[in-house]
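Engineer: Following the hints, position chains B, C, D and E against chain A.
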Amino acid sequence: MAKNDKRKAASSPAQAADFPGREAAARGNGEARKAPAARNPVKTGGVQSDGRRRMTIDDIRPGATIAAARNAAGNPYLPEPATVVEIVPETHNIKSFRVRFDDEAVMENFSFAPGQVGQLGIFGVGESTFAINSSPSTKEYLQFSVMRTGEVTTALHNLSVGDKVGVRAPMGCGFPVDEWKGKKILYVMGGIGSAALRATIHYTLEHRDDYEDVTIIYGARSPEDLTYKYDIDDWVERKDVNAVITIDREVPGWDKRVGFVPAVLEEEQPRPKDTIAITCGPPIMIKFVLQSLEKLQFTDDQIYTTLEKRMKCGIGICGRCNMGPRYVCVDGPVFSMTELRELPDEM
Amino acid sequence: MSPANGNYEEVEQRIRELARTALEEGRVDYFIGWTAGYNESEVIPGFVRSADRVDALVWNPLAAYNLTAFLKRKMPDPPQAKIGLAVKGCDSRTLVSLLQEELVDRERLYVVGVPCEGIVNRRAVSKVFANEVVKIEVEDDTISVTNQDGETKQLAREEYLLDHCRSCKYPNPRYFDDLAGEAVTEPEDQAPMWREIEEFEALPEAEKDRLMAEAFEKCIRCYACINACPVCYCWDNCVCRARQPKLVSQKVNAQENLMFQMVHMFHVAGRCPSCGNCDRACPVEIPLYLLHRKMNKELKEMLDFEPGIDLEQKPVFQTFDVNDPFGQH
Amino acid sequence: MRIGVFVCHCGTNIAATVDSEGIAARAGELKGVVHTEDIIYTCSEPGQHAIQQAIREKNLDRVVVAACSPHMHEVTFRRTVEGAGLNPYLFEMANIREHCSWIHPDKPEGSEKAYDLIKMAVAKVRDLEPLYANEVEVNKDVLVIGGGVAGIQTALDLAEAGLKVTVVEKETTIGGTMAQLDKTFPTIDCSACILTPRMVDCSQHENIEIMAYSEIDRVQGYVGNFTVDIRKKASMVDWDKCIGCELCQQKCPAKAPDAFNEGIATTKAIYIPFPQAVPKKAAIQVDYCRWFQEGKCRVCERVCPADAIDYEQQDEFVQKEFGAIVVATGQDVFPWEDYYHEYGSGRIPDVISGLQYERMLNASGPTHGHVLRPSTMGQKDVEPEEPKTVVFIQCIGSRDESVGRPYCSNVCCMYTAKQAILTKDHVGMETEVYVFYIDIRAFGKGYEEFVKRAQTEFAVKYVRGRVSKLYEERGKVKVRGMDTLLGKQVEIDADLVVLASGITAADGASELAQRLNISYDQYGFFKESHPKLRPLETNTAGIFLAGACQAPKDIPTTVAQASGTAAKVLGLLAKDKLKTSPMIARVDQNRCVSCWKCIEVCPFSAPEKEELRDGSYKSHIIETVCQGCGICVATCPVNCIDLKGFGTQSVLDQIEEVLLT
Amino acid sequence: MAQATETATGTTASWDGEGRVKVVGILCNWCSYAGADGAGTARLRQPFDFRIVRVPCTGRIDPLHILKAFEKGADGVLVSGCHPGDCHYAEGNYYARRKLELLERMLPQLGFEPERFKYTWVSASEAQRWQQVVTEFIKGVEKLGPREGRAL
Amino acid sequence: MKFLPQDQLEAFLAHLAESAIVVAPQRDQDGVLFFQPWEAGAEVEFEQLLTRQSPKDYVFRQTETYLKFGYQMKGKAAAEEEEVGGKKSKDEPAAEEAPPAEGEEPAHEVLQVETVEDAPEQVIFGLRPCDARGYYQMDQVFGGYGGFYYDPYYMAKREATTLVALTCAQPWSTCFCTAVYGSPSGTDGVDLLLTGIEGGFTAEALTERGENLLGFGGFADVGTGQADAAQTVKDEAFAAIDPPFEIEGVPQGLRDNFEDPAWHDLQMRCISCGTCTYVCPNCYCFNITDEMVEKSGERVRTWDNCFNPGYTLETSGHNPREQKFARFRNRFSHKFWYYPEKYDSLLCSGCGRCIRYCPTKIDLREVIRTLGRPHAAEAAPAEDSEAAGVHAQTGEDL
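Top to bottom, those sequences are chains A, B, C, D and E. In case it helps, the working numbering puts the first sequence at residues 1 to 347. In case it helps, the working numbering puts the second sequence at residues 1 to 329. In case it helps, the working numbering puts the third sequence at residues 1 to 661. In case it helps, the working numbering puts the fourth sequence at residues 1 to 152. In case it helps, the working numbering puts the fifth sequence at residues 1 to 398.
These are calculated hints, taken from the structure and not from any lab test. You may find that some hints are simply not true.
[Stated by the list, open to error] Ranges of calculated distance between the beta carbons of each label pair, as one might list FRET restraints:
no.: 1; chain 1: C; residue 1: K320; chain 2: A; residue 2: D233; range: 50 to 56 Å
no.: 2; chain 1: D; residue 1: E115; chain 2: E; residue 2: A42; range: 54 to 60 Å
no.: 3; chain 1: C; residue 1: D287; chain 2: B; residue 2: G26; range: 53 to 59 Å
no.: 4; chain 1: C; residue 1: Y617; chain 2: B; residue 2: G26; range: 25 to 31 Å
no.: 5; chain 1: C; residue 1: G404; chain 2: D; residue 2: E115; range: 31 to 37 Å
no.: 6; chain 1: D; residue 1: G85; chain 2: C; residue 2: G11; range: 35 to 41 Å
What you are looking at is a predicted structure, and each value in this text was computed from that prediction instead of being measured. Ideal Cβ positions, reconstructed from N, Cα and C, are used throughout, including at glycine.
Just chain A, same shape as in the assembly (with noise of 0.2 Å):
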């Protein structure tokens, strides 16, 4: 434990490779934790922002007491108490919860990258992850979409006005919207797919000159899965977005695209060079669009998405977000092609 200084090595004689941190561990742990700074290149590209919940290497250093590193820590379990302020009806099965944390302080300390993604929940059914939508500048509320699946959902579609949820957030990593900086961006998204991006779409689109070209490509199967209208609506208007906004088939009054996302992305052409992709969106639909970013000759590390996993305790520990080494709920859920392409195919 931290306090040990006179532990004696393990009498099985051992200096693996495989096991850089073996022979520190071996010495006791408090030295071990020197070690990993170079280590786990686990973030290409991500960002964490306030590290408020997550813990740095600090926080632990050698001789430093597990209070005062809970202390620096707090709890990760526990939720920040929060009320649903608005609901706003996406589509028949999403909608939107807007909601604040009832200590105000907190409310007005709390910051995000986009792409993070929190912890909502209601103290009775449990927890669920969802993508931190609004907008990272709004001071006012936290937003999720929900889409009704499960119990957890359900629940949450319940909700009225004026209930309680617990909220913990942020969590995970953003997308690298700084390294971006100076590139075109191109999103690629899908149904609920949306929900992962919009907090992004909101960032670079209110810190416009920083970034070239910005197209917006999103579909659903009819005009009514469309999420955020209003957003689809500002998008269009806007003549510094080119906004494509497609529906599988035709119907009466549509006056947009047709068309499935890749196809449509397809068409548009958009030219790889200085280009970041960003995607998301039903699993299947991801698989065609990478391959026609393939084919428009995009590399992998030009091409984000963003990942769902079953998560409990998001915090990397409980075990099942992995894919391989990597957890979802800490190392993403944003990932480059480049990163994905490194780990076992456990989609």
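Structural biologist: Chains B, C, D and E only, in chain A's frame:
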């Protein structure tokens, strides 16, 4: 149970031959039998994919595992595999239960019946030494147990057979394509069928309550019992882990554990011939088998029903008789 | 979640033993409850208005009303909340009257229990989800099974209203039992004179198709959309050609029992049951036909002027679709021979059943209306003899537990009186006529007067008592019984004994019920949905009952019921689309393990195997077929089927709520 | 007319009160629930320690629901439905009968006194019978008292 | 190093029990050995090598209620005061329900949440070095090693726990600690190591906590030869285990063999239960569920296991590890590849319980032997492993 005839080697050879032929002729993708475990006290399920490996298969009174558990949905790999397997008398009854409900595809099965003269209660045997038992041998009416220090003890076979073997009514398989060896003599009368159940029944309610609480206190909810159960069939969607409806919570305590076991019991009611696989799979030695035996005793009394006997039978809870001899009030 | 709880006083019905106001206030502490109110009469117009107002003003999304039994006002309040824009299924009632205030005299106790019941209702309402009734297109054709008077009446009423009707009759002619009768009580008017014109109307009606000599093979589907396989039995006569000239019957050399005449006469192997048959078509009873039995003959083929005989004919299957089905399969006469061994089990020729006697009385019957002793009939050199003493025995196969028929057959008292009168009429007033009865049940219009007439005007001797034994002695039938009024043993030497055989369920009724998925009682009569509220409906939506298949009935009742049933069918089919109850089972296919136990146990065949996009099969409940019983829910091992409106979790939550808090 | 249970007077009205037992009834909508309604309409007094859950049919009841009720602290569970043959859904109570019978027979194995569980049939017209059934059942449970120190 | 005479053992336990809960291996009514809280007079069993389950439950509870919460409705009065309604703003977005007026508290309920902290001082007595090492390995995870989150619940209990380990004198045939850098007298996580020798135990303190335990008066100084005797016991035990596989290169091997068809063969007899993970001293995956009745409830952490098909099942019905072999592969990969990559150590201490108590005796040693060998640098061209992957996924004949 009659004393052993000692023809284990002969049956073993026959199993190997039948498996070999089936594999060679391509009738099965793999054959499931029993094989040696990590030491000579263990016999474990063995999967053979090629004819030249059939010699790994063994048959002796340690071959307790009911291999029909590997026919459960999602077990076969690949999913559409043609499977050969060996079944003892009690194993065959679970197979009959599965066939009754069309939960396994008879067309993709090749069943080798194994006449059985009783399986050693390994759990009891391994307790005769404090340290590790490394070898168990059966010869005639004696079981020889050897520990890691090389000490050996001789036990009377009759006393160290599994409970249900001692009062076994169907030592020969009820369903098979080929029988390995000759059928053993079926006992004419099997009077003490419910001995251990009746002993338990005689206890006062409070005592039963206490024993149940004690037994289920130590359950670790590893779900080995239900996964080892050949007729348990929720598989990926076990209700005990579902939240909607919440029959069993994830909390591990005597009540929830017993509730979990009740769910299993009612799900296999009328389908479980008490093969004992759950009991043997339990890592903490909860006598689950008693519950299932009790259930079968009651079904026998209620409906004169024995599970897994007749292919044409319908599972008792999937049918009814307007003249059922109870519940008239 | 914003739940509103409304607690009713029901005047003092509830408030006398339940503190409605107090528990309403307490209910405000329950999770999710944002509004509570106590109302003097919740079901009154102002009460309902208050609920609607609260829903609108407080944005309530679920409502609990604690009042009387849901059987009383659930429908009322569902409509109320719907009127305020809420889904009617986000509503639950707590029964604090029938289950509480009326059975607990102590106010603190009553209040406590009422509060618990409200807690349970709130727990349930939290689990509810909005439900929407399904709509299905309705096929407007109607199937009437059975061509007796009930079926004829229903068919005609429906056809008149413009619906297409198919009447399926298992015999070669429609008409049923009534066609066999001579006169009808209490008016003694001619049965045939009433019925045969109706039969002809049926056959000539453009909206009615009669499928005689046919049976129901299989019924699939659900209300508004039944698919029925009908088996047209092989009659060995091409009915498209047969002109009903009876030539074949006249020339046929093979005798066969005459079912229409209840076996007191014979007919031919090829036969037309009676001259007024509709359709009037011949059929061969192959068991008696020489060609089929001996391989020679073919007389009928030779004589048939229409070339209609077809010895190769096979059963034919026809599939038709209907929106509603009326079951009017009638009844059978109790087979007394199998039960009453003390009456000779049918071996005494002069002991006959009431229906046999009816045929004898009938002018178009085998004796042309002459009453004769069967023992003297059909014998050479013996002149058929008229009986001088006739004894009627009532309650044969009725009100008799020893033969498993404890019910009253409804018609025997009356038809016995009728037959007694007709005996005097046909044979002469001097004939001695005795009626052994237990009770006289003459409940209908003009019935009691009719029986009185028999007793007084026609001097029929009514003896109250049971006949213990019948036996032949010196050419007579010895009738030994007890006159219980006199307390004396009675012995009569009778020339003819007529047993008033009761009514029993038609042969094959239970098999048909299983095919139709309707319930039947232990005697084989079909069960109505509710004796008073839904007496014409079965529990399977879209299937209705008419006539004696439901219970023994006389003709007036049968016809009245048949018309009532027609009205019910018309009511159903007046809509182009049907709304089905949404409180039915639903499968979560993500969790379904395809064990098909649901299919196995469903009494209505609502679950089916549905092929999914990935080629796997999962259970799917046909919404319009499901009746919402939940047997599948209790059977599904993975609990992936749930019953909307009665969800498993809601059951558990109610229990948990009331036990743990 | 049967009297309210002896314990019904003089003690606290709470269900948790001294000597109180908690009995849950699961009743089918068509027969027994209506029968209980009828008993109410006829003002037939019944024991207080009884709470009814309404289900469409006894065939909808899984024995596990009853075990769950016991687990949550019920001292007795009474199930009632239509008489065999009278099921609104034709067959529900026949299926239920088998399952409930097995449950009844298994409960003693888990340390339950037989008086704590009963399944019975009461039709919509049998108000009097309903009163009798529920009163007798609860008396039986009261005699045993609340369940304590239980495995389930 | 000190010496604890055999006759002082009970006194030592009693001494420890004065200030802490003492947990020691004891037999239950069926003769099964478990770690159980010790009470004076109870018989402690040191003869049998391993308890059925590792003692991890005493720090990483199988069922741990960590939050309690309750709601309070504002009640009738408050509800009536609440002004609802108002006109919907024409500005998008359109809200389903009108937001409450400015400055008004919208909530109609009050929520109270408290965290449950329950970490009594405890001594786990008589656990084996592999069990102790299990804690040590879990400490990395819950302690936030490498900059990850810190788990206050586990760590509070861990902080309050003293581990008194017992050297294994006679390893079982399923023991393989020496193959994973462990030893029958290993000291990872151990505060005080006892080694049974004639007449009692030698006691070595490895930490300050251990040192403090030696303050008990029953300890004697080590006599002549006793230290040597202890060393002999250790050495003999160490020698008694023949390492069944070579650990070096295993992470790379598992990576290289990720798509190897042998996974399918080895998992055949796996029945996908959780026994291995629940008897394991260092499997730490867990589930979180809420339990609530009416207005109050709790959030509970329970052990979960990666063989549970529902473990990764998403509500959409999609399951990334739907097939059993994928779950099987995950357990071994986690222990010997994923965990090492994140925590620079191993997630296996070689106790062998998973082999012994597995209902079908799946042998971890066999799995690692078969699939833990890295492909030589020049071998294994990319096409091959991809082809194998396709092969494995379509599940065709192998």
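Engineer: Evaluate each hint against the coordinates.
Structural biologist: Structure-based check of all given hints:
1. C/K320 x A/D233: 50 to 56 Å: holds (55 Å)
2. D/E115 x E/A42: 54 to 60 Å: Check failed, 38 Å falls outside 54 to 60 Å.
3. C/D287 x B/G26: 53 to 59 Å: Since C/D287 and B/G26 have Cβ atoms about 55 Å apart, the given range 53 to 59 Å holds.
4. C/Y617 x B/G26: 25 to 31 Å: holds (28 Å)
5. C/G404 x D/E115: 31 to 37 Å: holds (35 Å)
6. D/G85 x C/G11: 35 to 41 Å: holds (40 Å)
Hint compliance for this structure: hint 2 is the single one not met.
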